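Residue numbers (my numbering), protein chains in the order written: chain P, 1 to 337; chain U, 1 to 337; chain F, 1 to 337; chain Y, 1 to 337.
One should not assume that every hint holds.
Unchecked claim - Subject to a maximum C-alpha distance of 35 Å in a straight line, what follows is the list of computed DSBU-like cross-link-like pairs (lysine-lysine): (1) F:6 with U:305; (2) F:70 with U:305; (3) U:27 with P:70; (4) U:27 with Y:6; (5) U:305 with P:70; (6) Y:305 with F:6; (7) F:305 with U:6; (8) F:27 with Y:145; (9) Y:202 with F:145; (10) Y:6 with P:305; (11) U:202 with Y:6; (12) F:70 with Y:305; (13) P:27 with U:315; (14) Y:27 with U:6; (15) Y:70 with F:305; (16) F:305 with Y:27; (17) P:305 with Y:70; (18) P:305 with P:315; (19) U:70 with F:305.
Worth flagging that the hints you see were computed from the coordinates, not collected in a lab. Here the structure is a predicted model, which is why all the values come from computation and not from measurement.
Number of protein chains: 4
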Amino acid sequence: MIIVMKHSATAEDIGNVVQHIESLGFKAHLSQGEERTIIGVIGDERPVEPEHFELLDGVERAVRILHPFKLASRDFHPEDSVVKINGVSIGGRQVILMAGPCSVESREQLIETAAAVKAAGAHVLRGGAWKPRTSPYAFQGLGLKGLELLREAHDAFQLPIVTEVMSPQEVTLVAQYADILQVGARNMQNFALLAAVGEIQKPVLLKRGLMSTVEELLMAAEYILSHGNQKVILCERGIRTFETSTRNTFDINAIPVLKSLTHLPVIADPSHGTGKWELVTPIARAAVAAGADGLIVEVHPNPAKALSDGAQSLKPDNFARLVSDVRRVAEAIGRTA
Amino acid sequence: MIIVMKHSATAEDIGNVVQHIESLGFKAHLSQGEERTIIGVIGDERPVEPEHFELLDGVERAVRILHPFKLASRDFHPEDSVVKINGVSIGGRQVILMAGPCSVESREQLIETAAAVKAAGAHVLRGGAWKPRTSPYAFQGLGLKGLELLREAHDAFQLPIVTEVMSPQEVTLVAQYADILQVGARNMQNFALLAAVGEIQKPVLLKRGLMSTVEELLMAAEYILSHGNQKVILCERGIRTFETSTRNTFDINAIPVLKSLTHLPVIADPSHGTGKWELVTPIARAAVAAGADGLIVEVHPNPAKALSDGAQSLKPDNFARLVSDVRRVAEAIGRTA
Amino acid sequence: MIIVMKHSATAEDIGNVVQHIESLGFKAHLSQGEERTIIGVIGDERPVEPEHFELLDGVERAVRILHPFKLASRDFHPEDSVVKINGVSIGGRQVILMAGPCSVESREQLIETAAAVKAAGAHVLRGGAWKPRTSPYAFQGLGLKGLELLREAHDAFQLPIVTEVMSPQEVTLVAQYADILQVGARNMQNFALLAAVGEIQKPVLLKRGLMSTVEELLMAAEYILSHGNQKVILCERGIRTFETSTRNTFDINAIPVLKSLTHLPVIADPSHGTGKWELVTPIARAAVAAGADGLIVEVHPNPAKALSDGAQSLKPDNFARLVSDVRRVAEAIGRTA
Amino acid sequence: MIIVMKHSATAEDIGNVVQHIESLGFKAHLSQGEERTIIGVIGDERPVEPEHFELLDGVERAVRILHPFKLASRDFHPEDSVVKINGVSIGGRQVILMAGPCSVESREQLIETAAAVKAAGAHVLRGGAWKPRTSPYAFQGLGLKGLELLREAHDAFQLPIVTEVMSPQEVTLVAQYADILQVGARNMQNFALLAAVGEIQKPVLLKRGLMSTVEELLMAAEYILSHGNQKVILCERGIRTFETSTRNTFDINAIPVLKSLTHLPVIADPSHGTGKWELVTPIARAAVAAGADGLIVEVHPNPAKALSDGAQSLKPDNFARLVSDVRRVAEAIGRTA
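Make the full structure from the sequences, and use the hints.
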């Protein structure tokens with residue numbers, strides 16, 4: 001931490017800040033500039049928030065030096081982490097394709113979709129059993145029945161399953177049916193949930209909150225990692241901005257930024273990242289071109305009848321074209337898909 | 001809902017959209033403009049998302065006509081709702097002042113703060129027992145011990161207690177100790193939690209998510225209302241924007257906007273809305289001048305020693321000055337405090 | 001400037017950074033932390049951008065210590081600046097009220113509005129002669145004719161005139177008619193225009209860009225000040241955020257933040273800050289309660305017939321109520337209006 | 001335009017709105033829903049702003065049906081426009097590469113860069129003669145001398161020149177030296193400048209403002225087109241969001257969105273879109289994968305000595321690798337580069 005004193009700070013103010021730093025077990029290091037005194041805080045600053053120092057008399061502001069995350073950082077884990085599930089490796093040379101319906105709606109819908117995405121080349125089947133919906137009047141998912149159908153599809157097509165878990169008390173149940181547990185964007189800072197999925201040993205797909213910075217995403221991963229679960233996959237899915245022509249703004253920059261800051265695999269969700277099916281394929285290609293380790297894509301046999309997210313779901317034939325496009329882009333940058 | 005057809009839409013496209021509208025139980029109403037055909041969807045559109053129609057061939061976009069919330073709307077409940085707790089009325093002529101520490105840290109800290117805010121004129125005591133923290137390495141709250149201390153302070157000072165509940169399974173427990181249950185900004189769209197606080201009959205203080213629209217805040221309130229609990233108090237606490245000179249951007253516009261859209265009481269949190277104690281008093285005055293029904297303010301006897309949010313906590317003497325300022329502003333607009 | 005070296009930086013990297021710092025005429029000051037080396041840049045860093053250092057090998061990031069503005073800063077000019085125009089003092093104890101139509105549309109419209117705002121208590125008359133419009137098909141203003149009408153209104157009502165200037169070559173012309181030259185939000189970083197209004201000696205009303213930070217606003221003021229014109233009045237007029245229920249988000253926090261960083265007067269524009277006439281009065285009250293030195297408000301005798309910004313214009317009787325409200329709030333905080 | 005009446009609107013309110021619509025030369029079309037009356041405005045609504053209707057008594061809101069731009073729209077110009085300059089076609093099958101220094105600093109710097117980018121495969125040379133700088137204390141460009149050096153480089157390497165023009169009165173001068181005139185992000189809504197470049201017949205590269213929506217970018221293009229210049233090239237260069245790990249957030253979604261809304265060519269600026277040279281190549285690949293018709297990239301022989309934008313400038317060897325990467329991605333999607 002670096003503490004910048006005000007232009008008007010007195011020697012007494014500086015002395016008090018030094019004393020406060022030392023009372024917390026850090027060492028203080030003074031540097032006298034031409035217009036400001038700067039005080040370095042020497043030690044592991046991660047547990048302390050910069051704001052903590054800003055209310056001392058004479059302090060203008062405090063600036064963090066270290067990233068607040070440690071287990072997620074490449075500093076101490078320079079090589080890529082690869083998460084393995086039943087022969088699928090996420091974070092390696094191959095770009096992994098996850099696909100399936102937003103919500104599990106019925107056996108027919110799920111089996112038809114699973115067959116189609118398998119045939120097109122998907123490696124993992126997605127599908128929601130409980131759905132977080134903005135409106136209390138909208139379809140909320142099949143619940144346990146949805147999990148059972150996902151398991152049935154897993155057995156029929158040998159596709160690992162990724163599905164969302166929405167509260168701490170459901171983690172054990174969902175882990176019995178799913179191969180990868182998804183923490184959704186709206187729950188990215190549901191710290192009780194992060195702790196709960198940190199206690200199990202199944203892979204976790206952690207989606208970036210639509211209002212969260214890259215650093216906050218990595219802090220959410222740190223929660224899971226610090227509870228003992230090292231199998232974390234990050235997912236960029238679009239952020240909220242002033243632009244209204246798309247549902248979200250897919251933050252393509254976040255992909256190479258995350259790859260440089262963390263060893264964890266990073267995948268992309270072009271369905272939520274755009275909110276419109278016509279945009280899914282170009283943004284899927286872009287995400288892979290930028291270095292994403294995988295994609296998660298919504299596919300529905302009849303989007304107009306979908307009970308959720310129809311507007312951003314691809315029909316099976318469009319998904320097959322996406323896979324073909326993405327493979328060529330992956331090969332152009334020395335990967336496979 | 002209004003459906004705008006593309007310039008290139010065919011008669012067949014239009015026919016299909018009409019058929020789709022009718023299959024959902026609505027009536028369709030065509031209007032032929034000079035460059036576009038527009039189709040009105042007649043009926044209660046609230047459960048349907050506009051995106052649902054946007055994937056039909058020939059549709060350019062769909063626009064909601066009704067606000068998606070109903071119970072929270074003034075349309076069907078024009079007069080103000082007043083939430084009453086032990087003689088305190090929130091949403092009436094008096095501006096209600098809630099104050100206390102961010103986290104309950106110890107009996108001494110809580111009692112000292114409670115005594116001070118009571119003396120200064122606060123009507124409700126706030127304090128956190130469980131704290132949502134961005135870092136897994138930061139202080140997470142005293143938990144149950146914190147609730148017990150809050151109850152003790154309640155009894156000592158006859159101040160109703162507001163405290164945060166973070167997961168559905170803790171609602172019953174927290175409701176035994178608290179007079180008002182707070183749903184925090186990060187949980188504004190934790191739908192399981194909204195449902196759970198909707199099942200009880202204690203007042204709920206619902207904070208706006210830091211990247212949630214006014215409409216989403218009202219939809220979150222709708223979750224609680226539709227589960228049977230009518231005692232909902234809304235709270236503006238700042239949103240996330242590009243501006244970095246303050247922790248959040250306090251959305252002062254939201255106060256009169258909410259007051260016009262909903263009958264529910266609206267209070268303001270200038271502590272989180274600014275993140276800096278020097279700004280708390282001017283923004284508290286502004287919120288009351290804009291029509292807020294109350295304030296919730298962080299106060300700590302020694303902010304530099306606070307285990308959380310010290311930078312935005314007022315010392316007791318500054319809080320007393322805030323109360324004095326706010327009273328004069330309230331009177332200037334025909335209210336009391 | 002503080003330069004944070006990467007965890008992996010070598011001694012050679014550090015040596016090169018030190019050499020680079022010295023080649024720019026600064027002194028370097030090393031501080032060895034537990035996980036990072038930090039290098040302080042001693043000297044007036046203002047002309048250098050932090051990014052300049054970030055491309056040197058081994059550098060993680062560079063952090064500015066000093067605010068990049070100097071003439072606008074309270075550091076070297078602690079007392080408030082007061083801008084005086086024909087007996088009106090902006091930045092003193094009195095809250096100054098500027099009001100008038102968005103665009104000058106005709107003599108009748110302008111004279112009727114001027115008479116009304118004068119009667120209600122306004123101190124300055126506003127009105128646009130050239131209008132920046134998003135659409136090339138919208139009314140673009142009366143131009144020179146508008147300036148002449150403004151001067152006529154000035155003479156008739158003894159109200160100083162504020163009007164917008166949109167390009168450097170019009171500065172001299174506009175300065176012949178106006179008492180205060182306004183630089184609009186879209187031109188806040190039109191550096192040629194800032195330089196041009198910096199060369200004259202008339203007061204400049206500088207509006208914050210709708211996506212500009214407080215720091216960028218102060219840098220824009222610095223352009224004007226550094227060209228020799230010290231009569232700069234800042235104006236908060238709302239920023240662009242994700243919220244769509246209002247045209248802009250009025251950044252109330254910016255008022256006390258600006259007042260603490262700079263000695264320049266700060267006024268508020270609740271008309272653009274909200275975009276809806278119903279919200280103008282509550283936000284006007286709030287701005288004054290937060291410490292604004294004045295208001296600029298759009299008033300039109302018949303908003304439904306206005307050629308621009310009708311939706312956010314007050315009718316004269318509503319403006320009179322605003323003045324009455326604002327006076328009471330100003331008195332509540334020890335000012336007049 | 002669709003006008004949504006309030007729940008509480010009276011028959012008289014509705015009558016007045018209809019009368020107002022007709023007084024503007026439109027036809028009104030009523031539709032009575034279950035909870036709201038809706039009034040359609042039939043006619044070319046483009047010159048009218050929705051806010052215009054929102055202040056009539058009983059109106060809840062007005063919604064635009066048509067995009068406000070016409071000449072830029074694919075509705076009336078379905079096929080792609082191709083802008084041709086000396087044998088370079090922008091908007092065709094080939095992805096066009098523009099590269100060069102941020103600022104022209106000296107003959108040596110420019111010639112060395114031009115030689116390098118030509119050798120690497122660039123089709124157009126970029127370079128700034130006047131630079132918009134946030135700080136009045138930073139390097140402001142060589143001015144006319146810069147234009148002369150650009151022309152010299154043009155003649156030596158047969159590379160068309162793109163350079164920024166910052167004010168209306170410089171358009172004629174810059175057009176004598178440049179093959180493409182750039183309107184920078186900060187000037188995207190400098191309407192006087194848009195009109196001036198609309199009067200000439202040279203291609204214009206119009207950069208999206210960092211605060212501008214896709215629709216506003218198209219309205220800025222409409223200004224140029226409506227003044228008679230049809231040779232407009234759009235450029236996505238990143239927008240401002242809450243994310244601080246990159247200088248801007250490159251809006252990758254905007255590329256396919258623009259390609260669907262307009263016939264104009266769309267290129268990408270990954271240098272400004274990221275602000276960090278390490279991110280330029282992955283984002284350049286992504287932009288091409290998403291469908292960009294070209295790239296504009298900052299290259300400098302010695303970024304650490306650059307007088308502006310060094311941090312986002314590629315060295316010549318890195319630019320050569322970018323070209324090689326981008327070519328493979330272009331081929332993967334059926335284009336060349």
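Results of checking the hints against the structure:
Of the pairs offered as hints, the one joining residue 6 of chain F and residue 305 of chain U holds, with about 32 Å between alpha carbons and a cut-off of 35 Å not exceeded. Using a Cα cut-off of 35 Å, the hinted pair residue 70 of chain F and residue 305 of chain U holds, with the two alpha carbons roughly 34 Å apart. Restraint check for residue 27 of chain U and residue 70 of chain P: not satisfied, since their Cα atoms lie roughly 58 Å apart, outside the 35 Å limit. Simply put, residue 27 of chain U and residue 6 of chain Y have alpha-carbon atoms about 21 Å apart, close enough for the 35 Å limit, and the pair holds.
About 25 Å separates the Cα atoms of residue 305 of chain U and residue 70 of chain P, which keeps this hinted pair within 35 Å; it holds. Restraint check for residue 305 of chain Y and residue 6 of chain F: the C-alpha separation of about 21 Å stays at or below 35 Å, so the hint holds. A C-alpha spacing of about 32 Å is found between residue 305 of chain F and residue 6 of chain U, which places the hinted pair at or below 35 Å, so the restraint holds. Between residue 27 of chain F and residue 145 of chain Y, the direct Cα distance comes to roughly 34 Å. Compliance with the 35 Å bound is thereby established for this hinted pair.
Between residue 202 of chain Y and residue 145 of chain F the CA atoms are separated by roughly 33 Å; this keeps the pair inside 35 Å, and the hint holds. At most 35 Å may separate the alpha-carbon atoms for a hinted pair to count; residue 6 of chain Y and residue 305 of chain P meet this at roughly 32 Å. Of the pairs offered as hints, the one joining residue 202 of chain U and residue 6 of chain Y holds, with about 33 Å between alpha carbons and a cut-off of 35 Å not exceeded. With a C-alpha separation of about 25 Å, the suggested pairing of residue 70 of chain F with residue 305 of chain Y holds against the 35 Å cut-off.
Taken as a hint, the residue 27 of chain P and residue 315 of chain U pair is honoured in the structure, with Cα atoms around 28 Å apart against an allowance of 35 Å. Under the criterion of a C-alpha separation no larger than 35 Å, the hint pairing residue 27 of chain Y with residue 6 of chain U is consistent with the structure, at around 21 Å. For the proposed pair residue 70 of chain Y and residue 305 of chain F, the alpha carbon gap of about 25 Å is at most 35 Å, so the pair holds. Distance hint between residue 305 of chain F and residue 27 of chain Y is fulfilled; the C-alpha atoms sit about 18 Å from each other, no more than 35 Å.
The hinted pair formed by residue 305 of chain P and residue 70 of chain Y meets the criterion: a straight-line CA distance of about 34 Å does not exceed 35 Å. Among the hinted pairs, residue 305 of chain P with residue 315 of chain P is consistent with the structure: their alpha-carbon atoms are about 12 Å apart, no more than 35 Å. About 34 Å separates the Cα atoms of residue 70 of chain U and residue 305 of chain F, which keeps this hinted pair within 35 Å; it holds.
The structure fails to meet hint 3 from the earlier list, while all remaining hints are met.
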